[in-house]
Amino acid sequence: MILLGLGLLVMLMMLSLAGVVAVGGIALASINLGHVVFALLASLMILSALGVIVNRSPIRSALSLVVTLFLLAVMFVSLDAHLVAMLQIIVYAGAIMVLFLFVIMLLNLHEDRPAMVRVGVRGFAGLVGTLFFLGAVHFLMRPLGALPAAGAVPPGFGTIEQLAEQLFTRSLLAFEVTSILLLVAIVGAVVLAKRKLA
Amino acid sequence: MGIEVGIATIRALVVILMVLSLAGVLGWIERKGSALIQDRIGANRASIFGVAAAGLVNTLMADPLKFLTKEDILPVRADRLLHTLAPCVNLFPVIVAFAAIPFGDAITIGERTIQLQAIPLNVGMLYVLAMLSLGVYGVVLGGWASNDRLSLLGGIRGSAQMISYEIGMGLSIVAIVMTFGTLDLQEMVRLQGHLIHGWLPAWGILYQPLAFLIFLCTGIAESKRVPFDLPEGESELVSGYFTEYSGIKYLMFFMTDFAEVAVVAGLVTTLFFGGWQIPYLLSDGFHFPGGAALLLPRLLVVLLQVAAFMVKVLLFCWLQILLRWTLPRLRYDQLMRFGWRGLLPLALANMLATATVVLAVGGPT
Amino acid sequence: MHAAATPVQFLWLIPALPALGVLLNIFVGPRAGRGAVNFVSPAVVGVSFALACYTFMRLLDLPHGAALVQDVYPWITAGTLDVHVAFHIDALSGVMISIVTGVGFLIHVYSTGYMHEDAGYARYFAYLNLFMFSMLLLVMADSLPLMFVGWEGVGVCSYLLIGFWYDKEANASAGKKAFVVNRVGDAGFILGIFLIFWTLGPGTHSLRFTEIAAYASKIPPHTVTVITLLLFVGATGKSAQLPLYVWLPDAMAGPTPVSALIHAATMVTAGVYMIARLNFLYILSPTSMTVVATIGALTALFAATIGLMQNDIKKVLAYSTISQLGYMFLGVGVGAFSSGIFHLMTHAFFKGLLFLGSGSVIHGMSGEQDMQKMGGLRSYMPITCWTFFAGTLAIAGFPPFAGFFSKDAILGAAYGSEHGSVWLWVLGLLAAGLTSFYMFRLLFLTFFGECRIDEHAKHHLHESPASMTMPLIVLAILSLIGGWIGLPEHWLWGDRFGEFLAPIFSGAYASEHLSAGTESVLMGASVVAAAIGFGVAYLFYLVQPGLPMLLAWKAKGAYNLIFNKYYVDELYDLLFVRSTLALSTFFWRAVDSEVIDGLVNGTARVVNANGGLWRRLQTGNVQHYAISMLLGAVVILGYYALR
Amino acid sequence: MTLVPIQLYLILGAVLFTIGAVGVLVRRNVIVIFMSIELMLNAVNLVFVAFARQWQSMEGQVTVFFVMTVAAAEAAVGLAIIIAAFRNRETVNADELNFLRW
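Chains as they are written, first to last, in the working numbering: chain A, 1 to 198; chain B, 1 to 365; chain C, 1 to 643; chain D, 1 to 102.
Hints are computed from structural coordinates only; laboratory data are not their basis. In this text, a Cβ means the ideal position worked out from N, Cα and C, and glycines have one as well. Warning: the hint list may mix true and false statements.
Said to hold, decoys possible - Each pair of labels, with its calculated beta carbon distance range:
1) C:L617 with A:R118: 26 to 32 Å
2) C:G612 with B:D333: 50 to 56 Å
3) C:A609 with A:R122: 35 to 41 Å
4) B:Q334 with A:V121: 47 to 53 Å
5) C:W588 with A:R118: 57 to 63 Å
6) B:I10 with A:V37: 17 to 23 Å
7) A:A174 with C:L581: 51 to 57 Å
8) A:E165 with C:Q9: 50 to 56 Å
9) A:L127 with B:I119: 44 to 50 Å
10) B:A307 with A:V37: 44 to 50 Å
11) A:E165 with D:F99: 42 to 48 Å
12) A:E165 with C:A609: 43 to 49 Å
Let the sequences and hints guide you as you build the complete structure.
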């Protein structure tokens, strides 16, 4: 199983590097560390994401999701979104996913057989998914220009100051509303978890 | 490029080694300390050619060897992968958490300045929090994967406790962050180098005594040590979430425990006790309030500062170990009440107060 | 109104204080108890009275024709409409707030005595304070919409207070009547406002009086006529003029202080104030002026005639109020705006006094209102009697009492102004005579002559407490000397009041038109009329109490006609109420319950059937919904991709 | 170190999103479905951050911030609902949890 994973990983890396070459129009020779890192991260993420939906045991699904989120955070860092990356780990990995694990343990769910819906439905879903993906890609392929190089970003881009500045000026209302939303969520969760549903 | 990578690797290695060795040493301190407190001799069995080195041999060589050579038992119908993963997941974040903690001022070699800090981050504080918040998984997994109700209970207790106390910890940190106005730990330490009225070192504890207490409590709770050690409370759940572990994995859990102690100590030092700062020691030597000065070579200064950092950290480790033999274990409901109804409101109030003051008079910067 | 405006910051307090009183009375009043309410409610009004006086002083210091203004906050900003809640105190509104708060304060004090057994005292004072608030809003407003708010507010308060003892069917319906009749008027009023806004054309408009005034000359004359007439409809409703006067007599169902404050002194004069405030519009339309004047004169006479035969003490006063209001309209109608306002003020004094006096009588008679069952009260309640006497002299127009000067000024104007005519003057004069007659009739029947009170009532007949007599005395003094600030021309210090208001009423009638000779003739005539009225009343009700019966028997037709108030109520009932009822019944039975309900139910049935059809999609399985969503996404993507 | 073109980030986002969507469709366990939804959310977050980097404006990251908050709220309530549902039906399988059936 480990081997399978590794095999998939290598395959995917090749794939994504190919993607780099094909989409990015980058000569095979000029592939550098950055590309490789991206390819590695991407493939790992895809693997773990697959892990979420193929694992029979909910716990394992949850863990693969945690891995995905963690890698996503790393990718955020590579995109100069340090703060968001940290928040990603704290909020998602640190809070939300723990909550999931916690609930899974609380309900003491072991592997449920069958983990998936009927084969026919499964196939249909896969088909629709693929169609969707192709459609999406069809639109993503239009040229958007390369990302500005690491040096090109304005100083302090992605730092907490900038985010806060943005947050407390342009999106202040949204911010406040969010706080209310959280409050409501807390109350709702408590109420729901307290009493039996009628 | 290459050199940069090299330096980065070296810094990372330094940190890792520091943590691990600290963990080891703590193991020794703990055992000898306990012995001291309980009026025993403590770890004194193993010796090389009769040299027991006050139990150092025993704790730093014999015990690890023993653990390494022990059989690794896997309970029936346990989840092999997760069971193996758990200890690593447990140990990993603690070690990396240390990476953001500066253990010395920047040194300049040639035209290249090197931060004495594994990863200089402008969001260092958040980074540490993030890593600590990852610590839960080890516990949860350990508890779950062992397929044993005691472990599971320990795991659930542990996770609940950790997420509960993270909040209080976060809030107390928010207060100190407000005070210094930065999330960069190195920066914080630098700010703590200032003097209030020219004689009083501007350490965090002077600004945030309450935050310090809250942080200490929550930190100890995070590292699941007495009096918050219910997840592994041996009188109720044999060893909590690592009941079903043995051999190297067990050792890793143990290491984690000590590493966490070290991290907490490191954080307390960095946030509240001036990190590597020594009062009146500036980059070129001592400048006492009286005007008296004692100039020292830069390198020596840096070494002194690193030493100071280590000393402070060790002191706080010792404090936690003392606590272990001083305080009784809480009951679980007490623990939760203390966390939610005691520390959380306190931290909130402290945060609000700090916010008001900072708004009114501005921080110390 | 174009004079310099001085911005100040305290104006808002004047209406705010009564508003505060309302809140207190509603929320803490019932628990705080009678003492607290009795203190707070007059106190707030008293303070705003003090403020009003202060404002007035400030006004006097300022150059002639200046104004104090405060822009509180932008109220409605929509499209080209930008209305502010802003207050404008010039000579006119300054006089008004002084009257309103002053009389209001006295009547609040009076009420503490009058209502002291009533259970709903907190509610009562809440309403009363609310009324003060609305009235102040009305007079202080610097824009038509804000004025309209006050206008409606006082309407509501009057409705609430007429029906204050709502457990009696009659009172409730009286309140309803007042409300409905006022709706008719207010419809005209608001249409007028709309028309003005519409006429102002492009550009944003605040509908401030200043703005309208500035623009007035540009409005085409016919439009002005329409506008002013529409507004006047509102005035007839609020100020109980022909043909919309019918609600006021019934309004006497409310507590007597209310009748004094709302239905005599302040609210009903709102119409007059409004016309005076918009004089610059009315002056532009001779037609409207004539209409106003004529309606006013007719009302004056008409109501006076009805007043002759009423036996209910308050009804008499009600009709006299209507007729006095008629005078005011006559005044403003012939362009003597300041005289109209002057009469408004003096009327506030003596009519307030008379009502409070009658209230005191009713209080003493423990609820009896029929003059046939009174008489000779002089000895029992002297203060009430003599203050009432003063009021009567004032209203009857005997010199040198308040009523004389104001009424005379109006009559003079009616004769001399270019808007006026001899006929108007004659009508006014007749009304004056009648007024004097029925007022003295009232006086004699109530306080003089032999006592017709049954033993039981007589048993606890008593003079009213100080809290009630004090206001009476104050008002009595005011109605005696209050008129001296507006003497005719060439008398001692002349018409100070008129001069003070003059800058607001540019282009209004000024009594210089009249030669001193004519003026004194007119004056003599009105005095004679008053004297005749007095004489006849004396003859009928003190010397020869048999005569009225005889007369009534002789001229039966006329007697019945007048005694039944010209059957106006019956007529309206026939014309409007019945027909409206019939129509609404038709709509209810036929249209509503058949057509509309049918539509509604039909829709429901259709929806129901549909639902039954489509609910099969509602499998309750999340994933089915999810997959349909994704399918939708795919379809959309595909559409755009293949397009 | 130079970065890869933004398309790759977008495509990666699309891949993750699709995986999440398919997960929602094929898994029976509500909790796992829930996780798949989180996965989809994060795919979108990735795209946002990538675009933020592309146009050098913080809006993208701010949006991500809000998405996280919403996700947290959603997780709290959602899991509470799941627990409540489990209490009644003793199951967390989507195809058995059809309270809202006609």
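Determine which of the earlier numbered hints do not hold for this structure and return their numbers in increasing order.
Of the numbered hints, 1, 8, 10, 12 do not hold.
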